[in-house]
Amino acid sequence: MGYFESPEKFEEVIVGFFNAMATSEMAPKLLKSGLVIRFNYTDPDLVVVVDCSGDQIDVRPHDTESKSQVEMSMSADVAHKFWFGKVNLTKALTRKEMVAKGPIPKVLKLLPAIKPAYAMYPQYLDSNGYEQYNILKSA
Amino acid sequence: MGGYAGTILYVDLGSKRITRQTLDIGFAREHMGGMGFGAKIYFDLIKDNPQVDPLSPENPFVLMTGPLTGVKMDGVARWSVGSRSPLTGFWGDSNGGGFFGARLKFAGYDGIVITGKADAPVFIHIENDDVEIRDAASYWGLDTYDTNDRMIADFKPAGKRGGQVLCIGPAGEQKIRYAALLNNKRHAAGRAGLGAVWGAKNLKAIYVNGNKPIVVAEPEKLKELKQELKGVYEESIFIDALRASGTPAHIDVGVLAGDVPMKNWQMSQWDDIDDIGPAAIEEKIHAGHKTCYGCSVACKKDAEVKTGPYKMARGPAPEYETVATFGSMCLNSDIESIARANEICNRAGMDTITCGSTIAFAIDCFENGLINESDTDGIQLTWGNAEAIVAMTEKIARNEGFGALLAKGSAQAAAKIGGNSGDLLSTVKGMEAPMHDPRSAHGYALAYGVSPRGACHEASLNFNVESGAMLIPEIDALYADYEEQSSDGRAGLNMASQDYGMFFSNCAIFCNLGATPLNATQAVSMVNYVTGFDYTLEEVMDIGRRLWYLKRGLTNLFGARSADDQLPKRLLAELDDGPTEGSVPDMERMLREFYALRGIDEDGIPGKDILEKIGLSDLAARLHR
Chain A
8 MGYFESPEKF
18 EEVIVGFFNA
28 MATSEMAPKL
38 LKSGLVIRFN
48 YTDPDLVVVV
58 DCSGDQIDVR
68 PHDTESKSQV
78 EMSMSADVAH
88 KFWFGKVNLT
98 KALTRKEMVA
108 KGPIPKVLKL
118 LPAIKPAYAM
128 YPQYLDSNGY
138 EQYNILKSA
Chain B
22 MGGYAGTILY
32 VDLGSKRITR
42 QTLDIGFARE
52 HMGGMGFGAK
62 IYFDLIKDNP
72 QVDPLSPENP
82 FVLMTGPLTG
92 VKMDGVARWS
102 VGSRSPLTGF
112 WGDSNGGGFF
122 GARLKFAGYD
132 GIVITGKADA
142 PVFIHIENDD
152 VEIRDAASYW
162 GLDTYDTNDR
172 MIADFKPAGK
182 RGGQVLCIGP
192 AGEQKIRYAA
202 LLNNKRHAAG
212 RAGLGAVWGA
222 KNLKAIYVNG
232 NKPIVVAEPE
242 KLKELKQELK
252 GVYEESIFID
262 ALRASGTPAH
272 IDVGVLAGDV
282 PMKNWQMSQW
292 DDIDDIGPAA
302 IEEKIHAGHK
312 TCYGCSVACK
322 KDAEVKTGPY
332 KMARGPAPEY
342 ETVATFGSMC
352 LNSDIESIAR
362 ANEICNRAGM
372 DTITCGSTIA
382 FAIDCFENGL
392 INESDTDGIQ
402 LTWGNAEAIV
412 AMTEKIARNE
422 GFGALLAKGS
432 AQAAAKIGGN
442 SGDLLSTVKG
452 MEAPMHDPRS
462 AHGYALAYGV
472 SPRGACHEAS
482 LNFNVESGAM
492 LIPEIDALYA
502 DYEEQSSDGR
512 AGLNMASQDY
522 GMFFSNCAIF
532 CNLGATPLNA
542 TQAVSMVNYV
552 TGFDYTLEEV
562 MDIGRRLWYL
572 KRGLTNLFGA
582 RSADDQLPKR
592 LLAELDDGPT
602 EGSVPDMERM
612 LREFYALRGI
622 DEDGIPGKDI
632 LEKIGLSDLA
642 ARLHR
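As given, the protein sequences belong to chains A and B, one line each in that order. For what it's worth, the working numbering labels the leading residue of the first sequence as 8, then goes sequentially. For what it's worth, the working numbering labels the leading residue of the second sequence as 22, then goes sequentially.
There may be inaccurate statements among the hints.
Calculated pairs, SDA-like style, for lysine to any residue (alpha carbon to alpha carbon, straight line, at most 25 Å) [claimed, not checked]: (1) B:Lys68 - A:Ser80; (2) A:Lys103 - B:Gly405; (3) A:Lys74 - A:Glu12; (4) A:Lys122 - B:Lys251.
Pulled from the structure, derived: some chain A residues nowhere near chain B, Cβ distances all over 12 Å [as the list claims (entries may be wrong)]: (5) Ala29; (6) Ser31; (7) Phe46; (8) Asp84; (9) Gly92; (10) Thr101; (11) Glu104; (12) Met105; (13) Val114; (14) Pro119; (15) Tyr137; (16) Gln139.
FYI, nobody ran anything at the bench for these hints, they're computed from the structure. Glycine is no exception: its CB is placed at the ideal position from the N, C-alpha and C atoms.
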C-alpha cells in the first residue's frame with residue numbers, strides 16, 4: 008500500500024502542490040529555465056505537465072499531448088518522499104527509481120531553484136488538510 | 022601479456038644508477054598493477070627498516086601505471102604514486118589522471134621506483150629507451166605551470182609531439198607537508214604530501230616521451246565492450262553532469278543531502294551556496310572543457326577571471342573539493358577568489374583539500390579568539406573574507422610568516438596554537454577530511470577512520486557506492502539498498518568497498534569519476550581483454566583485499582593504532598538543522614563491527630592468521646614479532 012489511497016487523492020495533492028510552487032518565491036527561477044517538464048507517475052498513474060515556458064507557470068494534469076523537453080518518471084511514493092527531501096537523488100537516478108530524459112544539465116540547474124520546496128511541502132500538506140500524508144509527523 | 026609495457030624502471034638518485042627490471046608475468050598476474058605493484062615493491066624495500074623518515078633519502082617513492090593506462094577507453098588514464106607521507110607519517114598514496122601515465126607506458130615503462138637523494142636538483146629525462154638523470158638547476162624555483170611549459174619547449178623534438186611532465190612546484194621544493202605532484206598543470210596527485218618527498222630528494226620533475234604501442238590481448242572483445250559501454254555512458258546522468266559541469270556539479274546534488282561541509286563542518290545549509298555552484302561557475306569563470314588521455318567524459322574544466330582582484334588567465338578550474346574547501350568551508354561566496362586560490366595552489370603544487378581545510382581551521386581559530394591579527398601577519402581571518410583567504414593561500418605557498426605554520430597542515434598547526442584548537446580539526450591520522458559529510462552518509466565516517474592514508478573518500482569505493490553514484494549488482498554488499506543516515510551494515514559495506522576499490526581504482530586504476538558507470542563484469546572484462554588474463558571477480562576481490570591489508574599494515578608499521586581510527590569531534594557533532602539534523606554516525610559500533618569482520622585486534626592491528634591466509638606472511642612477521 009502506497010502513501011495515497013486513490014489516484015484522485017494523489018492528483019489532488021501533487022497538482023495542488025505544483026500550483027502552490029507556481030505562485031511561490033520559486034516561480035521566477037523556474038520560469039527562467041523556460042522548460043516544459045512532463046512528470047510521468049506510476050502507482051497510481053498520472054501525467055502532469057509543468058510548463059515554465061510562458062510568463063506564468065502552467066500546471067496541466069493529464070496533458071499527454073504537449074511536447075516537453077524534459078520527462079521525469081517515478082512512482083507516486085518516490086515523488087512524495089522526494090518533496091520531503093527524503094530521496095537520495097543520485098541513488099534514485101542510478102537505480103532508475105527516477106528516470107530523467109532530456110537535457111540533464113538544464114534539469115540539474117533546477118535543483119537550486121526547488122530547494123525551498125522541501126520546507127514548503129510539509130507546510131503545504133498541513134495547511135491544506137493533508138496532514139495524514141506528512142511523513143515527518145508520522146515518523 | 023597485453024596491457025603492460027613490460028619494464029619497471031629503478032632510479033637511485035644518490036648513486037645516479039638506473040636499472041631496468043623486466044615485469045614478471047607471475048608478479049603482474051598476482052598484483053595486477055598500480056599500487057598493487059607499488060605498495061608491494063615499497064614494502065619489500067623498507068620492511069627490514071620501516072622507521073624511515075618521510076623526507077629522508079631512505080624513503081623510497083613508487084610511481085606506477087595500471088594495465089589499462091594508455092588504452093583508449095573512458096576513465097582509465099590514471100597513474101598512482103606511493104611513499105611514506107610527510108603529512109601524516111603513515112602510508113601515503115595518491116593518483117592522478119591526465120596524460121603522463123599513458124606517455125610513460127608509450128616510453129616502455131609500467132612504473133618507476135625512485136630511491137636515494139640527489140646532491141643537487143635533478144630531473145629524470147625519459148625518451149623511450151634513453152633514461153637520464155639531468156641537472157634541474159634551471160627549473161628549480163619555477164612553479165608547476167612554468168616548469169611544464171619550459172620543459173616541453175626545451176625537449177620537444179622539431180615537428181613532433183612534445184613529452185609529458187610530472188613535476189613539483191615551489192611547495193614541494195620547500196617540503197611543504199601537503200605538496201602535490203602535477204601533470205600538465207591540472208592533473209594532481211594531491212593528497213598525502215608526496216610532492217615533498219620529491220623535494221627532499223632534490224627531484225624536480227620527470228619528463229617523458231615515447232612512441233611504443235600498447236598491445237591489447239583481445240582487441241575485438243575490447244571493441245565489443247567499448248560498444249556496449251557507449252550505451253551505458255549515454256544513459257548515465259552522472260556522466261552527463263560531469264560532462265556539463267565537472268565535479269562541481271556535485272554541489273547542487275550534495276547540498277540537498279547535507280553532504281557539503283560548511284563553516285568548518287558546523288553547518289549544512291547556507292544561503293549563499295548557489296553563488297559557488299555550477300550555474301555561478303558557468304556564468305562567471307567557465308572557459309572551456311578539458312580531458313585525460315583517451316577519455317570522452319572530459320570532466321576537467323578551464324576557468325578564467327578577466328578583471329578584478331582575482332584576475333587570472335585561462336587555466337585549470339577548481340574541482341568540487343576545491344570549491345568546497347575554499348568556498349563553503351570558509352563561508353566564502355566569491356567564486357572568482359576560489360578560482361584564484363586554486364591557481365595559487367596548482368602553481369605552487371599544493372593539495373587544495375588540505376590547504377583550504379587548513380585555512381578554514383585557521384579562520385575558526387581566529388573567530389574563536391585562539392589567534393589574532395598579530396599571529397596572522399595582520400590578516401583578518403574571518404568567515405567569508407575572500408581577500409584574506411587568497412592572501413593566506415599565497416603566504417602558505419611562499420611558506421612565509423603564519424603561512425609557514427599552516428604549511429605544516431592543520432594538525433601540526435593546532436599543536437602549536439594550543440588551547441582547544443584541536444577540537445576544531447577535521448583530520449584523521451593527520452589528514453584533513455574531504456568535502457563529504459559523514460552525517461549525511463554514516464559509512465563515510467568509517468571509511469575516513471580506517472583509511473590507511475587518513476581521512477579520505479577515495480581510499481575505497483564507499484563514497485561512490487553509499488552516495489548512490491555507483492552500483493555493483495554482482496556484489497551483494499555493493500548493491501544493497503541501505504537506509505539513509507543510518508550506521509546499519511556500514512562495516513560490511515566498507516569492507517566490500519575496500520576490496521573492490523583496491524582492485525578498481527588502485528590496481529587496474531579505473532577513474533573513480535569517468536569509470537563510475539561500469540559494473541563489476543564490465544570492469545573485470547576490460548582488464549581481461551587488455552591483459553589476456555582470465556581474472557574472475559573473486560580473484561580480483563582477493564587481490565584488492567590483500568592490497569588493503571598491505572596498506573593497512575604499512576600504516577601500522579609506521580605506528581598507527583586503533584586510536585588513530587577515530588574521527589575528530591567536528592565531524593561527529595550533531596547539527597540542529599538542515600538535511601542532516603540530528604544525524605550522528607555511530608562510530609564506536611561501526612569500528613567494532615569492522616574490526617571483527619577484518620580480523621583486526623583492539624590495538625588496530627590485523628591478526629597474524631588473516632595476514633598469513635591472504636599471502637602477507639612477511640607483513641605478519643613484522644607486525645607480530
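Interface exclusion of A:Ala29 relative to chain B, criterion Cβ beyond 12 Å = Its Cβ never comes within 12 Å of chain B, the nearest being 21 Å, so this holds.
Least C-beta distance from A:Thr101 to chain B larger than 12 Å = 5 Å, violated
Would the least Cβ to Cβ distance between A:Tyr137 and chain B come out above 12 Å?
-> For A:Tyr137, whose nearest Cβ neighbour in chain B is about 23 Å away, the distance exceeds 12 Å, so it holds.
Grab the minimum beta-carbon distance between A:Met105 and chain B and tell me whether it stays above 12 Å.
-> 9 Å, violated
So is A:Pro119 really clear of chain B, every C-beta pair being over 12 Å apart?
-> 5 Å, violated
Non-interface claim for A:Gly92, where every Cβ of chain B lies beyond 12 Å = 6 Å, violated
Could you grab the alpha-carbon distance between A:Lys122 and B:Lys251 and see if it respects the 25 Å cut-off?
-> Status violated; Cα separation ~33 Å.
Taking the shortest Cβ-to-Cβ distance between A:Ser31 and chain B, state whether it exceeds 12 Å.
-> 17 Å, holds
Is the nearest Cβ of chain B still more than 12 Å from the Cβ of A:Gln139?
-> 23 Å, holds
Take the C-alpha atoms of B:Lys68 and A:Ser80, compute the straight-line distance between them, and say whether it is at most 25 Å.
-> Not OK: B:Lys68 and A:Ser80 at ~56 Å, beyond 25 Å, violated.
Would the pair A:Lys103 and B:Gly405 pass a check requiring their Cα atoms to be no farther apart than 25 Å?
-> 39 Å, violated
Is the nearest CB of chain B more than 12 Å from the CB of A:Asp84?
-> Non-interface label stands for A:Asp84: nearest chain B Cβ at 14 Å, farther than 12 Å.
Violated hints, in rising order: 1, 2, 3, 4, 9, 10, 11, 12, 13, 14; the structure is consistent with all others.
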